Structures are given as C-alpha cells and as structure tokens.
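A.B. asks: What follows is each chain in one-letter form.
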Amino acid sequence: MGKRVSGAAVAFFAPLAAAENQLNMSPGVTEIGADIFQLHMLIMWICVAIGVAVFAVMFYSIYAHRKSKGHQAAQFHESTRVEVAWTVVPFLILIAMAVPATSTLLEVYDNDEAELDILITGYQWKWKYEYLDESGEPVAFFSNLATSQEEIYNTEHKGDNYLLEVDEPLVIPTNTKVRFLVTANDVIHSWWVPEIAVKRDAIPGFINEAWTRVPEEGIYRGQCTELCGAYHGFMPVEVHAVSPEDFDAWLLAKRGAAAAQTQLAMQTLSVDELMDRGKAVYDSACLACHGAQGEGGIGNAIAGSTVVLGDLSSHMAVVAGGVSGTAMQAFGGQLNDVELAAVLTYQRNAFGNNTGDVVQPGDVAGMKNG
Amino acid sequence: MADHHGPAQGISRWLFTTNHKDIGTMYLWFSFAMFLLGGFFAMVIRAELFQPGMQLVEPGFFNQMTTLHGLVMVFGAIMPSFVGLANWLIPMMIGAPDMALPRMNNWSFWILPPAFLMLASTLFMEGGAPAFGWTFYAPLSTTYAAPSVTFFIFAIHILGVSSIMGSINIIATVMNMRAPGMTYMKMPMFVWTWLITAFLLVAVMPVLAGAVTMMLMDIHFGTSFFSAAGGGDPVLFQHIFWFFGHPEVYIIILPAFGVVSQIIPAFSRKPLFGYASMVYATASIAFLSFIVWAHHMYTVGMPIAGELFFMYATMLIAVPTGVKVFNWISTMWRGALSFETPMLFCIGFLILFTLGGFTGLMLSIAPADFQYHDTYFVVAHFHYVMVAGAVFSMTAAVYYWLPKWCGRMYNEAMGKTHFWVSFIGFNITFFPQHFVGLAGMPRRIPDYALQFADFNMMSSIGAFIYGASQLLFLYNVVATIVAGKPVSEEKVWDGAEGLEWTVATPAPYHTFEEPPLVPKPAGTI
Amino acid sequence: MGSLRLSRVPAVDTALKLSAVAAAMFAFVFVVMVPLYNVLCDALGINGKTVNQAYTSVPALIDESREITVQFVAVNNDGMPWGFAPDTRVMRVHPGAANGVVFKALNPTDNSMVAQAIPSVSPSRAAAYFHKTECFCFEEQVLAGQSAADMPLQFIVDQDLPRDIHTITLSYTLFDVTDTATDRLASR
Chain A
1 MGKRVSGAAV
11 AFFAPLAAAE
21 NQLNMSPGVT
31 EIGADIFQLH
41 MLIMWICVAI
51 GVAVFAVMFY
61 SIYAHRKSKG
71 HQAAQFHEST
81 RVEVAWTVVP
91 FLILIAMAVP
101 ATSTLLEVYD
111 NDEAELDILI
121 TGYQWKWKYE
131 YLDESGEPVA
141 FFSNLATSQE
151 EIYNTEHKGD
161 NYLLEVDEPL
171 VIPTNTKVRF
181 LVTANDVIHS
191 WWVPEIAVKR
201 DAIPGFINEA
211 WTRVPEEGIY
221 RGQCTELCGA
231 YHGFMPVEVH
241 AVSPEDFDAW
251 LLAKRGAAAA
261 QTQLAMQTLS
271 VDELMDRGKA
281 VYDSACLACH
291 GAQGEGGIGN
301 AIAGSTVVLG
311 DLSSHMAVVA
321 GGVSGTAMQA
331 FGGQLNDVEL
341 AAVLTYQRNA
351 FGNNTGDVVQ
361 PGDVAGMKNG
Chain B
371 MADHHGPAQG
381 ISRWLFTTNH
391 KDIGTMYLWF
401 SFAMFLLGGF
411 FAMVIRAELF
421 QPGMQLVEPG
431 FFNQMTTLHG
441 LVMVFGAIMP
451 SFVGLANWLI
461 PMMIGAPDMA
471 LPRMNNWSFW
481 ILPPAFLMLA
491 STLFMEGGAP
501 AFGWTFYAPL
511 STTYAAPSVT
521 FFIFAIHILG
531 VSSIMGSINI
541 IATVMNMRAP
551 GMTYMKMPMF
561 VWTWLITAFL
571 LVAVMPVLAG
581 AVTMMLMDIH
591 FGTSFFSAAG
601 GGDPVLFQHI
611 FWFFGHPEVY
621 IIILPAFGVV
631 SQIIPAFSRK
641 PLFGYASMVY
651 ATASIAFLSF
661 IVWAHHMYTV
671 GMPIAGELFF
681 MYATMLIAVP
691 TGVKVFNWIS
701 TMWRGALSFE
711 TPMLFCIGFL
721 ILFTLGGFTG
731 LMLSIAPADF
741 QYHDTYFVVA
751 HFHYVMVAGA
761 VFSMTAAVYY
771 WLPKWCGRMY
781 NEAMGKTHFW
791 VSFIGFNITF
801 FPQHFVGLAG
811 MPRRIPDYAL
821 QFADFNMMSS
831 IGAFIYGASQ
841 LLFLYNVVAT
851 IVAGKPVSEE
861 KVWDGAEGLE
871 WTVATPAPYH
881 TFEEPPLVPK
891 PAGTI
Chain C
896 MGSLRLSRVP
906 AVDTALKLSA
916 VAAAMFAFVF
926 VVMVPLYNVL
936 CDALGINGKT
946 VNQAYTSVPA
956 LIDESREITV
966 QFVAVNNDGM
976 PWGFAPDTRV
986 MRVHPGAANG
996 VVFKALNPTD
1006 NSMVAQAIPS
1016 VSPSRAAAYF
1026 HKTECFCFEE
1036 QVLAGQSAAD
1046 MPLQFIVDQD
1056 LPRDIHTITL
1066 SYTLFDVTDT
1076 ATDRLASR
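Protein chains in written order, with this note's numbering: chain A, 1 to 370; chain B, 371 to 895; chain C, 896 to 1083.
Be careful, since some hints might not be right.
Claimed, not checked - Result set (SDA-like, lysine to any residue): computed pairs, CA atoms no more than 20 Å apart in a straight line: (1) A/69 to B/708; (2) A/67 to B/837; (3) B/556 to A/273; (4) A/67 to B/862; (5) A/158 to B/820.
Treat the hints as calculated values from the structure; they're not laboratory data. Since this is a predicted model, take the numbers as computed values, not measurements.
Throw the hints in and build the complete structure from the sequences for me.
C.D. replies: Right under this line is the structure:
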C-alpha cells in the first residue's frame, strides 16, 4: 500500500531527487538488526493485510450501498456472533505477533560477556567515548560534529555526509561483542546508530547498557534521538567498524598520541602552533555558542569580552570551570592542557582581541595545581 | 452566534454567561483561534525544514516552535474544542436545560485565555519560550530551562484546573440531569465517550499538575525529585508524565470516537452497529490507558520484565480499538449512504485513524521500537491519530451540528473542497514522514541529512496546503453564520437521530426547560 | 459513591466528590508514585540504583566456584571540575567475599567544594546483589581547594547473583552540590 503511494510521490518529485530516497527501515548489518527488520516487516504486512480486508469491505459498501443508487437501509444493529469473532481473532493475531517480539527482545537484552566495553557519555552537544581497559589510563576522546558552519548556513556546498560526520569517530572491531555503557553529563541524550540497531537513552547519573557485534567493516552513522537542547540536531554518531587487527593498531596509536600530548604539554610551543591548535579547538568546542567570529550567540561574545581581555587566571577559571547556571560548560575535563593553552591563546589574540598573551601548556598545568 | 430572546446584550453576555450554548460557542471559537496559532507555529517548523541547512530561524527558536506547537495544539486547540462540543451538545442530547453547574462552567472557560496568553507571552521573555518539547523531560526542563519555565508551569496549572472543572461539570451533568427515561444505555455514544473521557481527565490532570509542581519545587525550592544529585531520578519524571500522558492521548481521541459514532449512522440512515460493545470497548480502552504508559520509554533501560509487560498491555489496546473500527464499518454496511461533508470527514477519519492505529501497533513492539523511537515515524503516527483522528472528527462535528446551532446551512461545495484539500494535504504532509522516520531521521531536529531532503520538501508543501485549507474552513463557517441559507427543519439531516434534533432550528437559547419525552434513540437495544 | 452525601443538591454532591478524587490524585503523585518508584527501583534495580545504606554483612560462604568481573567507572557531571578516578579499574571477585577499592578525588579549584557521588550498577538486574558495606557515596564529600582525598568503597557480591551474570559495572557520577549544601547550612 505504502509502496505504491510513495512510488507515485517519488516520480512526482523526481527532479528534486539528489540522493536515493530510502523508504523503509534498514536491516542494518547486525544479526539483531536483521531480526528487528524481519519483525518490522512481519507486523507491517499483517497490518497491510488487515487494512486491505477492512478497507475493501468499506469501499464496497461506499460503492454498493449508496443512497443515490437507491439503496434502502437495512436496520440490523448487532450480532453477538460476529462481535465475538472480531474480538477473538485480533487477539489471536496479537499472540502470533508477541512470540517473535519477545524472543528478539530477549536477544537485545543479552549484554553479558562482552569482549570490549566502551563508555559513551552524552554532552551538550557531543559524545565522549572511553575505552575501558584493565591496564592504565583508558583511551578517551570527544566526538564533535565535523560539518562546517558554512555548510549549515548554506554558504558552502553541503557534503555527502552533511550533519552525519564527526571529527573523531568511534572505532570498534568487527566480529567482537562490544558492550556500550551509556550515560550523560548534563541532560538526557540518546545514542542511536540505525545500521547496528542500537538505541539507548543516556541519562545523567545513571548508566544504561547495550551491545552489538558488527560482522562487516564499514562506516555506520547515526544521531542523537532525545531532544537535548538547542543543538540536538548537531551531535551525530559515526562508528567505524574495522578488523580486530586494525583496531588493536588504532588503539595503540591512540595511546601513543595521548602520551605524545603529555610530552607536548611539557614543551614550550610557538605562537603560530598555539594559534593553529587553538583555532581547531575553538571551532569544535566554542564556535557553536560563541560564533565563528567570536560574535556570540547562545554564549557571550568572545570578541572584546572583558573576561578574555582581563586577567588570565579568571579567563582560565571560566573556560576550565564553566559558569554554573548557564550553558557554559566546564571544559577542564574535556580539553587537555595543550588544548586549553591553545584555545586560551587563540581567544586572547583572535577576533581583534590583540592582547599578545601567549599561554603555554605549562602555565595551564600551573594554574590547575595552584 | 445565535440572536434570540434571553441573552444579555454586549460584552457582558459573554463575560458573565452561564448558558451552556454561549460557553460552548466561546470554547469553540477559542479553540479555533488556538488551532490557527498552533498551526502558524507548525508552518514555521515546516518552512525551516523545507530544505536542509538552517534557513529562517535559529535552532533554539526552532525548539520553542515545536514545544509551543505541541502544547497549543493539545491543550489549547483539541481539548477545548471537544469541551465546547460537549457544552453545546450534552445537555441537548440528554434532555437537560443546561449544564449542572453553570457558574463553574463560566469560570472553567474564562481562566483558559489568560493561561494561553501567559504561555504565548513566554516567546517574548528573556531566554525565550520553553524549548524542551511538549513532553518537557527533566532535567532539560528544570536545571537547563530558560526562566520562562516558571510561567509555563503556571499556565499548565491553570489549564489543568480548567479541564478538571469542565470534566466535573460534564460528569455531574450526565449523572444528575438526564431526562426521565434517558437511561445510561440509551445515551448517545458521544455522551458516553465524553463521560468516560471526563473520568480520565479527573484522574490524570492532577497527575500532570503534580509533575509540574515537582518541577517548580526542583527549580525554586531546592528539592531533587528529578535530579540524581539529590537522590532523585530524571526517569521518574518520564514515568509520572506518561502516567498522565497516555490517558491524555485517549482523552483526545475518545470524544472523537463519539462524534464519529453519531455521524456515521446519520449518513448511513441506519442505527449504530454494536452500541453496547462500543460502550464496553471505550471503557476498556480507558482502563488499558492506565497500564501502558511506559511504552513511551522502551529505550530508557527498563528491566526486561517491565518491557514485556508494557509491550503486551499496549498490544491489547488493538482489540477494543479494532472492535470500534469494525462496528463503524458494519454500521455503513447495507445502509443508504450519502456523502455530505461531515460524512466525508468521518470516512477520512476511519481510513487515516486506522492507518495511525496500525503504526501504533508497530510501535508497541518493543524491539522494533528501538528503531522507531523518537524518529519521524513516531511523528507520522501521532499526527495520523491526532490530526486525522481528533481534528478531522472535530471538523465533521462542526459541519454536522452547525446548521442546528445557527439555523443556516453551510456551503456544501466549499465543505467538500475543504475535505479533499485537507485530506490530500494531510497525506502529502505526513505519509512521507513514515519513510524518513524509518530511514533514520530523528524528530525535533531543525536541520537534517541530505537523504531526507526530498520527503521533507514534500512534507512542507503538504503542510502549507493543509494549513491553507483551514482558512477555507474558517471562511465557510463565518459565511454560513452571516449569510448561509436559512434552514428551519428540526431534523436538518434526514438520518439524524437524538434529542438535539427534536428542538427548533436554530436551537433556541434555552432548550428542554421541561424534560422531554425520551423517544427510542438511535442504537438502543 | 455509597450513601455519603456532601450536599443536598445532587449535582453539587457529585462535584464535591469528584473534586475530592482530583485532590486525591494530586496527592497520589507525591505520596504514592514517588515512594513506590523508589521502592521499585531498589527491588528491581531500575537505573542500576543500589541501596543507599551500608550493608550489614551476613557471614556466608565464599563461592569459589565462580569469578565475577567488576568494572569501575567514574563520570563527572556537568560543571564538576574535580579529578575523579578509581585506583583499580577492573577486579575479579568471588561472590561472598569482601573487596575494597579506592577512588581518588582531587579538587583543583581554589575553593572548598562539596560533591555527591551517585552509584549506578549495570546490568541493573545485578544491583540488588551488589552490597556496599562502606561507601563514600553514602554521604556528601567535602574537599578543600587544591586538595586530594582517597575515597574508599567496600563491597560484597551476593552469592545469589544470577548465574548468567558474569560482569558487573559500577559507575559513580560525581555531582557538584556545593550550592545546595551551602544553602542547607545557611538555613540551619
């Protein structure tokens, strides 16, 4: 029923078609995704069958029992036998639906004995991924929207993965049972990747779990699905499933990069390097609220800000500690010392804030520790 | 609207009236004004979503629009419109001279406009209007809300009080004011569905009041009902909200069932099929509505036993709902059908509400809901039920009873045009939303990925068509009242049954001051 | 509604009774739904909530036959600048045995702050079998500016833990409650 209608619709709007229009749920790549898809199709076809039967009767009546054709109204108004029948038969159909639904649900809830655990934390408006590991510091990073403001505000051509691309994707190994522990830092979010059939609410203070086993390498995209404030539509999920070997190599490289950052934090960086890194940090962490030119928006303007032009330690306090009761978050836990130093330097010198101040990672560490 | 002996003159007639017809009229006009306001918000939403990329409004303002659209449509348009209908019709249907508590009736209407004025005024406050969706989940609506949330809470309190007073009045009227011989099982279906709805309202509007009171206390008085930090739980909010919210859905749809159960027999010229089973089905739906609330929360991580319980209970609702649809079609079967505008809207209702019921059944399946939840599939589902269900039946009701109310006939050709434009516009708007939802488009987003672009553009075009068709409706109604062709038969429609069709046309200011002799009404056993 | 009459006018009588129902439903939210939800949370482990009181251990046999993996996760809520992490991230424990772990906290700011840790156990089914004999989460934790503290947790995994559960994750979310704690002190 739906297909025919949509077919006509697609033909009508064909000149507008840019990408292929997906009409149905995707079975995705996982076993559970396929089960859910089959369940969805089963219920849908049962509904279509019932719908065709019911509407056929109705349209026949509309055609055959018209007053304009001179049809005389019968006066019957009850029949216990049919009324019992159309109470009992739907009930039996429902039982037939409940059986596969129950078994699929049991599968979804089987979270035990995962080989890899990843903590997912929702932030306004980005995701943080943390690979839980027995040994040493866990690998952790934030995943921000990578689509540029120019694309969003229509001054640049929109890329293929418009709004579905991030700066650092979640990487998981294929053919491995991965368990996601989902929580949130501020408001409720929901982590959803349709292709791997995982959707779980991220609730501040509490932890939820879900799992997947992805058989195929590939890039799977999703979005936040619980309204979480102004930029709810701008916190996508991007998952890269890679072979276990590639995954191990990636994790090792991540650890190495973290160590390198620690190394870098002990060095003195050039102003240019700080400004470059600072712009990158600003664009991913600050721009959404403070504007591409530091002109402000949800947040105060950075250009000409008394905080930014004022005392360095109070500027640092606002960036690292946030401002309670406002949308200004505490970035102290989200950015490392190098990033903090870079973004402070950038804010104090970009947008006409020519203070000439240079903040080094060591300064940041010093301020943190008093 | 009516201009007969009895009513006071000028503005004081409307301010101080205790006449159920005047109050009904005011409810209907107020709800239509709110329908246009909520519709305007919807137009802003669809205009923004016309193309990918941010076009007209900022994301924060977009959220204010979705929030106000939902709140205004649910609490300002649909609910008061059915209360208005109840005011006009219930006394006339049961042979009562007026509502049981006329002064309370006046208050329950007159506190509504200030409540919505306050809600709308939040748009101009610092930080903007509420932007947390009509479901206002904590902590987005508490810790992270704009200061206007306090006014939002106050507005909800007032309209809750209004609804409760209105419902108490309806129950008191039905229980105490029926004409001699009008037994419960002789009452028209519209009265039955409203009686059950009113009980639902008395039971759950206080729950909503409780939820917003807790929010108020969390925001201003340092409690932590919904904050984990102080030992509370944001998920508790969702349980309380949906304990109200699911019965609320039936509060909206049950009177619509009642309207359809009056109109289909009239234009089939045949009594309602299965009157008794209709009453029992309505009561079962009302009962089930109290034990299914958590199906809105399958993804919050409930224990599996809870998940299964709510899934099975929700699926069960399909049984009484199915009974109703089968009964309506059996009423049409072998009747003598004619297709005036009210009947067209009822047939539109039957088809589209049934589609909404099917998607509802699909959504009840917990594992599948993990893919549907909070996508446009859900948006499509509840608009099929709320718009094609409640709004279509309300429109049918206006066309059906308008000649009785004002003694003039609406323009049939314009009415039919209104139906076809609405029906087509509605489907162009909401049918494609099933596709984008299944393909993965989340709801409540101001901008979307490119693969959803075509269907969203279609949806927006449909929405503009549907929106424009309502202006035609407004014109038709005003033109009827001002200059419609006068009708004077008591039974405006030859197939219409019930006491309201035994009084003069237009209905006099006071009816049934002497209780009528109850004839055998349609659908009695 | 029985023979109780609140007014001689039948309609007013009905209205008064219904008003009482409405008032009772309003009270129901506060005096029934909230406590009932908390009871259900404790019983069913909704949201992985654990009992917020020290567990009095009962002498029991240690179940050497199986080993449960317990993971510890530390999360900072919005605006919480503290450093907060467990000293051990994963432990293998036998049901019935007493175990300990220490969470390290560091207040890097210049001001004294008050924090509240909220526990959550996953899978939530395991919450009822995870007993804490001593926990920093039972009370608010005060930490002077620029200081660090060790916050201990002692726990026992119940021998009756369902056999199909092999891994338990315990998360603590740390909330900054300095403002409310200060308000409370001020009002005292």
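A.B. asks: Please go over all the hints and tell whether each is borne out by the structure.
C.D. replies: Now the hints, each set against the structure:
Taking the CA atoms of residue 69 of chain A and residue 708 of chain B, the gap is near 10 Å; set against the 20 Å cutoff, the hint holds. In summary, the hint linking residue 67 of chain A to residue 837 of chain B is not supported, as the alpha carbons are separated by about 33 Å, beyond the 20 Å threshold. A threshold of 20 Å between alpha carbons decides the hint, and for residue 556 of chain B with residue 273 of chain A the separation of about 85 Å lies outside it, so the pair is violated. For the suggested pair residue 67 of chain A and residue 862 of chain B, the alpha carbons sit about 17 Å apart, so the restraint of at most 20 Å is met.
Only pairs whose Cα atoms come within 20 Å are accepted, and residue 158 of chain A paired with residue 820 of chain B is accepted, the gap being roughly 8 Å.
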